[in-house]
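6 protein chains.
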Amino acid sequence: MRAVVKLGGALFRREPNVTSLKGMGRALGGFVEDGNQLVLVAGGGENARTYIATARKLGGDESTCDLLGIQITRANAELVRLAIGSMASSKIPTTLSDLPHFVGSGKAVVMGGLQPGQSTNAVAALAAEITRAEILVNGTDVDGVYTEDPKKNPKAKLIRSVHVDKLLSWAMGGEVFAGRYELLDPLAIKIMQRARIPTRFVSLGDPGNIIAALQGKDIGTKVVYS
Amino acid sequence: MRAVVKLGGALFRREPNVTSLKGMGRALGGFVEDGNQLVLVAGGGENARTYIATARKLGGDESTCDLLGIQITRANAELVRLAIGSMASSKIPTTLSDLPHFVGSGKAVVMGGLQPGQSTNAVAALAAEITRAEILVNGTDVDGVYTEDPKKNPKAKLIRSVHVDKLLSWAMGGEVFAGRYELLDPLAIKIMQRARIPTRFVSLGDPGNIIAALQGKDIGTKVVYS
Amino acid sequence: MRAVVKLGGALFRREPNVTSLKGMGRALGGFVEDGNQLVLVAGGGENARTYIATARKLGGDESTCDLLGIQITRANAELVRLAIGSMASSKIPTTLSDLPHFVGSGKAVVMGGLQPGQSTNAVAALAAEITRAEILVNGTDVDGVYTEDPKKNPKAKLIRSVHVDKLLSWAMGGEVFAGRYELLDPLAIKIMQRARIPTRFVSLGDPGNIIAALQGKDIGTKVVYS
Amino acid sequence: MRAVVKLGGALFRREPNVTSLKGMGRALGGFVEDGNQLVLVAGGGENARTYIATARKLGGDESTCDLLGIQITRANAELVRLAIGSMASSKIPTTLSDLPHFVGSGKAVVMGGLQPGQSTNAVAALAAEITRAEILVNGTDVDGVYTEDPKKNPKAKLIRSVHVDKLLSWAMGGEVFAGRYELLDPLAIKIMQRARIPTRFVSLGDPGNIIAALQGKDIGTKVVYS
Amino acid sequence: MRAVVKLGGALFRREPNVTSLKGMGRALGGFVEDGNQLVLVAGGGENARTYIATARKLGGDESTCDLLGIQITRANAELVRLAIGSMASSKIPTTLSDLPHFVGSGKAVVMGGLQPGQSTNAVAALAAEITRAEILVNGTDVDGVYTEDPKKNPKAKLIRSVHVDKLLSWAMGGEVFAGRYELLDPLAIKIMQRARIPTRFVSLGDPGNIIAALQGKDIGTKVVYS
Amino acid sequence: MRAVVKLGGALFRREPNVTSLKGMGRALGGFVEDGNQLVLVAGGGENARTYIATARKLGGDESTCDLLGIQITRANAELVRLAIGSMASSKIPTTLSDLPHFVGSGKAVVMGGLQPGQSTNAVAALAAEITRAEILVNGTDVDGVYTEDPKKNPKAKLIRSVHVDKLLSWAMGGEVFAGRYELLDPLAIKIMQRARIPTRFVSLGDPGNIIAALQGKDIGTKVVYS
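Here the protein sequences line up with chains B, E, A, D, R and Y, keeping their order.
Residues 1362 to 1587 in my numbering are what the first sequence lists, from first letter to last.
Residues 1362 to 1587 in my numbering are what the second sequence lists, from first letter to last.
Residues 1362 to 1587 in my numbering are what the third sequence lists, from first letter to last.
Residues 1362 to 1587 in my numbering are what the fourth sequence lists, from first letter to last.
Residues 1362 to 1587 in my numbering are what the fifth sequence lists, from first letter to last.
Residues 1362 to 1587 in my numbering are what the sixth sequence lists, from first letter to last.
Think of the hints as simulated: they come from the structure by calculation, not from any bench.
Glycine included, every Cβ here is placed at the ideal spot set by N, Cα and C.
Just to be clear, a hint being listed does not mean it is correct.
[Said to hold, decoys possible] Using 27 Å as the maximum straight-line C-alpha spacing, the simulated BS3-like pairs for lysine-lysine come out as follows:
hint, chain 1, residue 1, chain 2, residue 2
1, B, 1468, A, 1418
2, E, 1468, D, 1383
3, D, 1468, B, 1418
4, Y, 1452, D, 1468
[Stated by the list, open to error] Just some of the chain B residues that point at chain D, by a computed CB distance under 8 Å:
hint, residue
5, 1376
6, 1383
7, 1429
8, 1436
[Stated by the list, open to error] Pairwise CB distance ranges, derived in the manner of DEER restraints:
hint, chain 1, residue 1, chain 2, residue 2, range
9, A, 1516, Y, 1504, 35 to 41 Å
10, E, 1375, R, 1363, 40 to 46 Å
11, R, 1363, A, 1380, 48 to 54 Å
12, B, 1455, A, 1465, 46 to 52 Å
13, D, 1502, B, 1363, 48 to 54 Å
14, B, 1456, Y, 1396, 39 to 45 Å
Okay, chain B solo, but in the shape it has when bound:
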C-alpha cells in the first residue's frame, strides 16, 4: 500500500514528548516493515510559531516567515526520522521532484515543508499525488473535523464524513498567514480535489489511530469526493 501521513504540529511541542515520538516511530516503522510505502510530512508546531512570530516582529515579510517555518519543520522531520530508526530513509527530500527518487527504497521517507506559500498540509497532498498514494492520513490534535472548535465548545460534534467542496468553502473563509495555516488550507484541499486522494483526519494522540486509518478503518473524519 502507498500512503502519506501528515504529522501535525501537536507532535512537536516546545519540550518534545520523547515517549510519544518513540511510540509513533515504532508504529510507523512497523507499517513500513509490513511492506508498505510511506511518506511522512512533519508540521511546524510551537517552535515554528515562535520563530515566525519573532521574525514578523522584526519586520520580516510573510514569505521570509514561511521560509523560517520550513526550516523548523525540517528539524521536526529529523526527529521523526530518528524515532523511526532503521526503517527511515537517511535523508530528508527538500523538493517535490526529489521525492519519487527517495520512495520505493523500502524505507519511510520523512519530509518537512517545501516552499513559501504552501502549508505542510499542501505538501502532504502534493506528496500523495506524486507518489500515487492510496491514502492520505492527516494527524491533528483533535479527533477529526468538528462542527465547531472542540477546544472552545465541548458540544462541538465530530463530522464523520465531509464533502471536499464543503471543506473548501470553509477553508476560503480564513486568511492565510505563515504559521497559522489551518487544517483547512485551500491549496491543500484543491490538490486533494484534483487528485481525488482518499483522505482521513484523525487524532495524533494515539499512534493506533494513524495505523487504523491507514488500514482503512472508519475512524475520524473521511473526505468524500462525489
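Assemble the complex: chain B is given as a structure, and chains E, A, D, R and Y must be docked to it using the hints.
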C-alpha cells in the same frame, strides 16, 4: 520603485513573435534603466500546454505535469532575459529564497515557475511579497478582468476595479489543473490578500500598457483591498 | 547487456505523437525488464529548434542558445521517462558524473543534453563510454547513414557499414551551430573513436528497429573501427 | 575594518527577546554603514539544546545531533539578518568556501553552523581567518573569561587578558558534546592560534559592549598570543 | 560488520604506486564482498602538501589552503574508488550528512576531506560516528603509535595500546597547520573520545594489515577508552 | 575590453614556480585594474597528467579520467586566483551558465575545466563566446603555432598567421585522449570558428607576452577567419 510584472503565456506563442518580445524587452529594460527594481515572471503559454497535455496522456500525475510546465516557463524566461539584454540579470533564480539575492543588482530579474501546485501568478504574488514590491502588474491576453469571457461574448464588460474578496470567490469556482491555472488562481489571490499588494491586470498586447500600469496610470483592472 | 540509445529529435514533434512515444516506451521498458542496463538520451527536435532560433534572433550567443536547447531536451527526456513508466528511473541526471550513480538501479535512465558545445549525440557517446556500454544505438528519422540526403534525393543509397574515420571526415565538413548539430557531430565521433563503442544508426520510425539493433541484428548502418 | 562577531546562544532564548535583537541589529547595522566589513555567526541557544537533547534520547548519534543543532543556528541567523534589515546580506552562506563571495558586498553577512564536529565558535574563528578579519569578538552571556563559573561562584574574577596556550589547556579538560561546546572549544582555539586572530570575549547583554570591542576598547577578556 | 578505514597520504605519492593501489583495492573490495559495510577516507599525501605550500607562498590563508588540500584528497579518493572497481560506490560524498545515504548500498563508499579546519583523520572519526562503525582503522606509513618518531630514532618502540587521554595530551602539543595535521589531530581524538570508537593505527605498507585490523586481530596500536 | 586567457599546463609544474605564478598574477591583476573584463582558464599540467595516467592504469574509462583531470585544473585555477589576489573573484565557476553571473564584478574570474570530453581549450573558447570576448589569448609553452614541434626540431618555424580551417584540418589528425588534448583540440577550433573569436597563441614564459597579445600587439600566432 519596486515592481513585479507577470508576463502571461500570450507572449509565448508556439512560433514566438520576435518583434513583440523585442518591444517588450526594450520597454522593460528602459524601466530598469530609469532606476527601478523589476522582477519578471514568465508564464507557460502554448508550449507548456502541449508538453503538459502529452505528459498527462502518457499517464503523468499532475505534479509531474506541473514540473514539466515549469521547465517550459524557465525557457520562456530565458527568452525574456535575452529580449531585455544588458539590463537583465545573467541568471534565472529557481527558488524564492534566492530571489532577494538577485534583486538590487540594478538589473531586471527574470524567472519562471518554481514548484508544483503554484501557478506563475502565485509565483508573481510571492515575488512581489518577498521583494516588497509597490506594484504587481499582471499582463494577460485581454485588457483586464471582464464580467464574462470577452473572447466568447463580445458584450462582456471590462471591470475597472474589483475587490480581492470578489476575485477569490470567482477563483474558488474553477478547478486547479496544471497548465490551466486561470488568471484567478486562488493561491495567488490569497497571497495578494495577505500582503495587500497593489495589483493591476492589463493587456500584454502593447508594452505601453505595462509601462503605464507601472507608472500608476489608471489602466485595465485594479484590485481593491478595502 | 549494457546499452545506450539516442532518441533523435524526430520523436519530439511540435505536436508529439503520443502513440509513438507509448510504443517506444513499451519496447524500451521491456528491454530493461529483461535485465538489461539502458541509458536513453533524448534529442531536441522541433521545439528546441524554435526556441534556439528565437533566442538567436534576440541576440543570444551560441552558448546561451545551446543552454536553451538543453532545457528542451530535458523536457523531452521527461516525456520518455513517463512513456516508459515504472521501468524508468524517477529522475533525470544533469551531469555526466551523476550518471553512474543512476545506472544499475535496474531502471532505464533517461537524460537530455548536458553542456553547451556538446550535441546530444556527443552526450550519448560519453554516456556509452562512462557506463561501459556494449552498444550505442542512434535512432534518427532515416534508416541509417546514406550516400546523400535521402529526403532530397530518392536515389540516395543506405550505407550498411562505415569506417569511423570516414564519418569523421564527413563531419568536419559542416559547421557547428546550436540546434543544427548533425548526425555527424565531430566531437561525438571522436568519443566513439577513442572508446571504440560499437554503434549503429537506425530509424526511429518503428521501436522494433531499436530493439533489433540492441539485439545485435544487422540493421541500419554499422560503424566499423578497424 | 574587517571583523567577525560570534553571537552566543544567550541571544536566542526559547521566547526570543525582540527588543534585544532589534538593539543588536541596529548597532551592528550601524557598524556596517560606517564602512566596515562584518561577518556574524549565530549560536544555537536553548532551542538548539532542546532539539539536540531530544534527538539524543531518540538514539541519534552525535554527528546527527550536531546537524540538527546547525539547522537551529541557521534559523537564529535568519532572525539576526532580519534584525539588521537592509544592511544585511539577503542570504546565509552554508559553506566556508562561499563566505568570501558574500563578504565585500558592503552588507553584513550572517551565518550559523557549518559542519558536525565544529562549534559555532570554531566557525567564527574560521570565518575570521578566511576573511582576514582584524578582530574577532565573541559575545557570550558573561563579561568575559572568569577564573571560575561566575554564575555558580560570585567570587569568580574576570580575567582581563589570557594567553592562547592557557585557553587551550583549559579547553582540553572538557568533553565535546553537541550543544555543549563550551566557550573554550579546542578546535576554535587551535584556529585562533594558527591565524593569531586578535580576539575578545565580551558580554552580549548590551550591544554597546560588542561595538566597544570592535572599536578596540579594552573591554572583557583579551586573548594574547605571545 | 561496519567499518571505517583512513588511508593515509603515504598511499598517494607524487608518482602513485599503481601496484599498491591495486592490492589495496582488491583487499578492501573483498572485505565488502564478504558483506561488510565500509567507508574509506583518503588523505592528502605529497600532492596535497605541494599545492598547500604553493598556496601559502602566494599569500593564501590557512582556510583556503585547507580547501585546496581537500580538492586533492578527493582526487585521491577517486583513485581508490577506481582501484576497488565494481565494489565501490560510483560517487564520492562531499558532506557528512550525505554519507548515510551512500552507505548500505552494499558498496564501499570512498571520500576525501570535507571542510577547512578538519583533518581527514577527523573526517574518518566523524564518518565512524555517523555510520555507527564498530571499528576505525587508521592506516599510516608506520606500524602504529611509537614512543618517538621511528623514522628518526631506530630505537623508538611501538606502543601496543594507548589510552585516548594520553593521545589527546600528545596531540595538544603540536600546532595545527593545513597539510601537516599529524596522526594526532586533537579534533579527531575528541570525536573518537565522545563516540568511544574502537580504533587501531596500523601500517599501510601491506593491505593484509588493514584487513587483519578489520578482523579484530591484535596488530599495530589499539586505542583504549577506560 | 573583454578578454579570455587560457593558461596552459606549462604554468603548473609538479613543483610550481611561485615566482612565475606571482609575476603572471601581478600582470593579469593589473590588466583588470585598468578596467578590463577578464576570464582565465587554467589547464591541467603535469599533475593532471599523472592522475589521469594512474586512473587509466586502474581501469578508469576516459570520461572518469577527464573528470579527474578537471579536478586538478580547478586546483590550478585556485593557485591563479591566489596569485592575482584582491583583483580576482573569490570563487571558481564550475558550469558555463554560471560564468556570466561572475563576470562584470570588476574582478578577474578564474576557472578550470567543466565537463568530460571538453579540453580546457574548448572551455576557453566557450567562455569567450558566452562573455562576448573581443580577444582570446591562448598561453602555451612555445611561442605560438609552429610548422613542426619546435622542441623536437630546432628548424621548426613559427607561423605568424593561420586560417581556422587549416587549424581544424591539423586538429582532426590526432586522437582525443584525456590529458593529451593538444593545442589543436577540434571542438575548441569549431567553437572559435562559429563565434569568429579573435585568437592568438603566445608563450606563457613571460607575462609580458600575454599582456602584449591582450593589447592587440602582433605577437605569437594569430588565427585568421576569412
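Results for each hint:
no.	hint	in the structure
1	B/1468 - A/1418	violated (50 Å)
2	E/1468 - D/1383	violated (31 Å)
3	D/1468 - B/1418	holds (22 Å)
4	Y/1452 - D/1468	holds (18 Å)
5	1376	holds (7 Å)
6	1383	holds (7 Å)
7	1429	holds (5 Å)
8	1436	holds (5 Å)
9	A/1516 - Y/1504: 35 to 41 Å	violated (52 Å)
10	E/1375 - R/1363: 40 to 46 Å	violated (57 Å)
11	R/1363 - A/1380: 48 to 54 Å	holds (51 Å)
12	B/1455 - A/1465: 46 to 52 Å	violated (25 Å)
13	D/1502 - B/1363: 48 to 54 Å	holds (50 Å)
14	B/1456 - Y/1396: 39 to 45 Å	holds (41 Å)
The structure fails hints 1, 2, 9, 10, 12 (numbered hints given earlier, in ascending order).
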